[in-house]
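J.: Below are the chains, spelled out letter by letter.
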Amino acid sequence: MKATKILNGNQTIAEAVRQIDPDVIAAYPITPSTAIVEIIASFRADGLITGEFVCPESEHSAMSVCIGAASAGGRVMTATCSQGLALMWEMLYIAAGLRLPIVAAIANRALSAPINIHGDHSDTMGARDSGWIQIYSEDSQEAYDNFIQAFRIGEHPDVLTPVMVGFDGFIISHSAEVVQVEDDAAVKRFIGDFKPPYPLLDTNRKFTVGPIDFTDYYFEHKRNQIEGIENSPRVIEEVGKEFGRTFGRTYGFFEEYRTDDAEIGIVVMSSAAGTGKDAVDELRAEGKKIGLLKPRVFRPFPYRQIAEALKKMKAVAVLDRSSSPGAFGAPLFTEVRSALYDYEKRPKLVNYVYGLGGRDIKVEHFKEVAGKLEKIATTGKVDEMLGYLNLRE
Amino acid sequence: MAVKLKDLAQMEDKLVAGHGMCLGCGIPLIFKMILRATEDPIVVANATGCLEVCTTIFPRTAWNCMWVHSAFENAAATAAGVEAMFKALKNKGKIPADKKIKFLAVGGDGGTYDIGIQSLSGAMERGHDIVYVCYDNNVYANTGGQRSSATPLGASATTSPAGSKSPGKVQKKKDLTKILVAHNIPYVAQASPHRWQDLYNKAKKAFEVEGPAFLNVLCLCPTEWKYDESQGIKLAQLAADTCAWPLYEVENGKYKINYKPKEKKPVLEWLKPQGRFRHLFKEENAWMLEAIQKEVDRDWEDLNKLAEISGA
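As given, the protein sequences belong to chains A and B, one line each in that order.
When you read off a place in the first sequence, starting at 1, and then add 12, the result is the number in our numbering.
When you read off a place in the second sequence, starting at 1, and then add 4, the result is the number in our numbering.
Worth flagging that the hints you see were computed from the coordinates, not collected in a lab.
Treat the hints with care, as some may be off.
To be verified - Computed list of lysine-lysine pairs in DSSO-like fashion (alpha-carbon distance at most 27 Å, straight line):
1. B:309 <-> A:14
2. A:374 <-> A:393
3. B:91 <-> B:103
4. B:260 <-> B:8
5. A:200 <-> B:94
6. A:207 <-> B:91
7. B:258 <-> A:218
8. B:96 <-> A:207
9. B:103 <-> A:218
10. A:200 <-> B:98
11. B:169 <-> B:208
12. B:94 <-> B:104
13. B:208 <-> A:207
14. B:96 <-> A:218
15. B:96 <-> B:169
16. B:104 <-> A:218
17. B:238 <-> B:209
18. B:91 <-> A:200
19. B:286 <-> B:176
20. A:218 <-> B:98
21. B:208 <-> A:218
22. A:207 <-> B:176
23. A:218 <-> B:260
24. A:326 <-> A:393
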């Protein structure tokens, strides 16, 4: 039965797992996503899920088990973050290359060194070219909703691509919030059955999965793989709308907040967007024409739609919770900046890196950014393209 | 009940001709035999290595059964995933309860002794119903002959080359079979392609046993061992006759030696035909020959004691 519950991010993901009951779950505990694995184990122990729960000896093997299981033919998931995702790196590319729609819940966490267990996006941003679809969640509700939709998106026959759903470590994974948990049967109906096209367990057939390509085929196969993720925007939109029709919460590629007549804007993903919206409300109350855009889907990057949403603004700040040392700005910034390149009239863009290793970002920091943007909007001049928020320098 | 070669010859090959393995390579011999040891359908999970590369150059495949390759160090985890899905779909009633499939994970010594040992250990500990076969050719043959932890004492490999100041590899080979025994799995065995009936029987037992099983099979590699490829089977026989590669099995913890040479030959008879040991026959390396013999003798003695304790 549909219920309003008080759950943290890890618990909402576990609830979704119970409702979906994937055929194989293989996961290794790591802070802050450990609780997902523990709750799944207890569900299995109490017979609330019937799929196989495998506890491999590492994240590398966890993703390898997922790949074996998905190749065998069925619904497969894992949960991890940070060093765990980093250890999976090699296998992430292979999951995508083999077109296996595995779903991974990621409680976004910083990468070592220095070792740090708190939330930032370094882990999934590092995996942005692995071929996985990436969806980011602002709160527990979105984590739950995105996780359910991820199966439908990845498993679509035109897509067949793995999906990772991020939500900020601790900030979301460990914070209790009010969450609408949908009816079990309704979720099952929404998810439907998955019929993998090439299941190894169909031993009436004979085929070879994962052969070696030389220079004569590798490129074509990689192009085919890219086509899968290129097909996904349509599916992401359809599934987001259907989710809305079914459960009342509609999803697109991003959320726009008070952007209609905005002259300055802030682009920020995940939990910080919540704080950002509060800042926007306060600034709007002061008469400032400011809006916020929260990307939900980072891969595939909805570059046209985002550019259309931002093109009329005078100045935009892109806030990144990860860095790309030596690059022309952090990952989200370079995407947004590229997306606007083809527009003759486009806003001035600045990039702020914030929140690495779980460092707080508060309303005052958004206001600081807004102040800079107002100045840029007035003068048309950018003094510093890349800055850092709430950092001692 | 001894299997007849005539009957085996009637069976369909699951690894067929047209692969690109070297002349005299032990891999096809081993796997054509192992794949005959069950009549159930098989899914093979293959680690990166000679077997994988030489049999699946797209768009061709030499596999006449379901086969998957994902990476180098994870054949055991990949096979475990396939097996987990099989169990799950049976539990959920999506696959008939009486459906039988065997799961075979395969890797060379690089993929098994070295980079894949963690994944192998994990899968064995978790008790997946899979058979893992290591084709141990003592070297990273696929990348051109670098040392592995299965490279024997004294062998020259490209990363442990013999030189004016080096007698080849100075470390003893890792005893992986015993490491697998320490996992307390139902069945562990060492085999060799020259005793095909023994190899067949061991593969059959491994498939039949419930839970994980591990076979470590000596794999001839004329390219890296540098011997006359027409003499491979005789060479494998010498490995057993010198006790450099004893044939034994450990069933539910009980050791049994499957082949005891009537007269244990000196280890140099195994070493001499192989170019990788040529430098050992120089005067200055005589000490190494002695050391190798000592190690072989000690290991053989230990193995006999283990078999004795087991009452075999």
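J.: With the threshold set at 27 Å, check whether the alpha-carbon distance from residue 218 of chain A to residue 260 of chain B stays at or below it.
T.: 37 Å, violated
J.: Keeping to a limit of 27 Å between CA atoms, is the pair of residue 207 of chain A and residue 176 of chain B held or broken?
T.: 50 Å, violated
J.: Can the restraint linking residue 200 of chain A and residue 94 of chain B be considered satisfied, given a maximum Cα separation of 27 Å?
T.: 19 Å, holds
J.: Would you check the hint for residue 103 of chain B and residue 218 of chain A, treating anything up to 27 Å between C-alpha atoms as holding?
T.: This hinted pair holds, its Cα atoms lying about 17 Å apart.
J.: Can you confirm whether the C-alpha distance between residue 200 of chain A and residue 98 of chain B stays at or below 27 Å?
T.: Holds: residue 200 of chain A and residue 98 of chain B sit about 16 Å apart, inside 27 Å.
J.: Does residue 207 of chain A pair with residue 91 of chain B here, judged by a C-alpha cut-off of 27 Å?
T.: 17 Å, holds
J.: Are the Cα positions of residue 260 of chain B and residue 8 of chain B separated by 27 Å at most?
T.: Answer holds: residue 260 of chain B to residue 8 of chain B is near 23 Å, not above 27 Å.
J.: Quickly compare the C-alpha distance for residue 208 of chain B and residue 207 of chain A to 27 Å and report which way the hint goes.
T.: 33 Å, violated
J.: Straight-line Cα separation of residue 258 of chain B and residue 218 of chain A no greater than 27 Å?
T.: 38 Å, violated
J.: Quickly compare the C-alpha distance for residue 208 of chain B and residue 218 of chain A to 27 Å and report which way the hint goes.
T.: Holds - the C-alpha atoms of residue 218 of chain A and residue 208 of chain B are around 22 Å apart, at most 27 Å.
J.: Would you check the hint for residue 326 of chain A and residue 393 of chain A, treating anything up to 27 Å between C-alpha atoms as holding?
T.: At roughly 11 Å apart (the allowed maximum being 27 Å), residue 393 of chain A and residue 326 of chain A satisfy the hint.
J.: Straight-line Cα separation of residue 169 of chain B and residue 208 of chain B no greater than 27 Å?
T.: 47 Å, violated
Hints 1, 7, 11, 13, 15, 22 and 23 from the list above are not met by this structure, while the remaining hints are.
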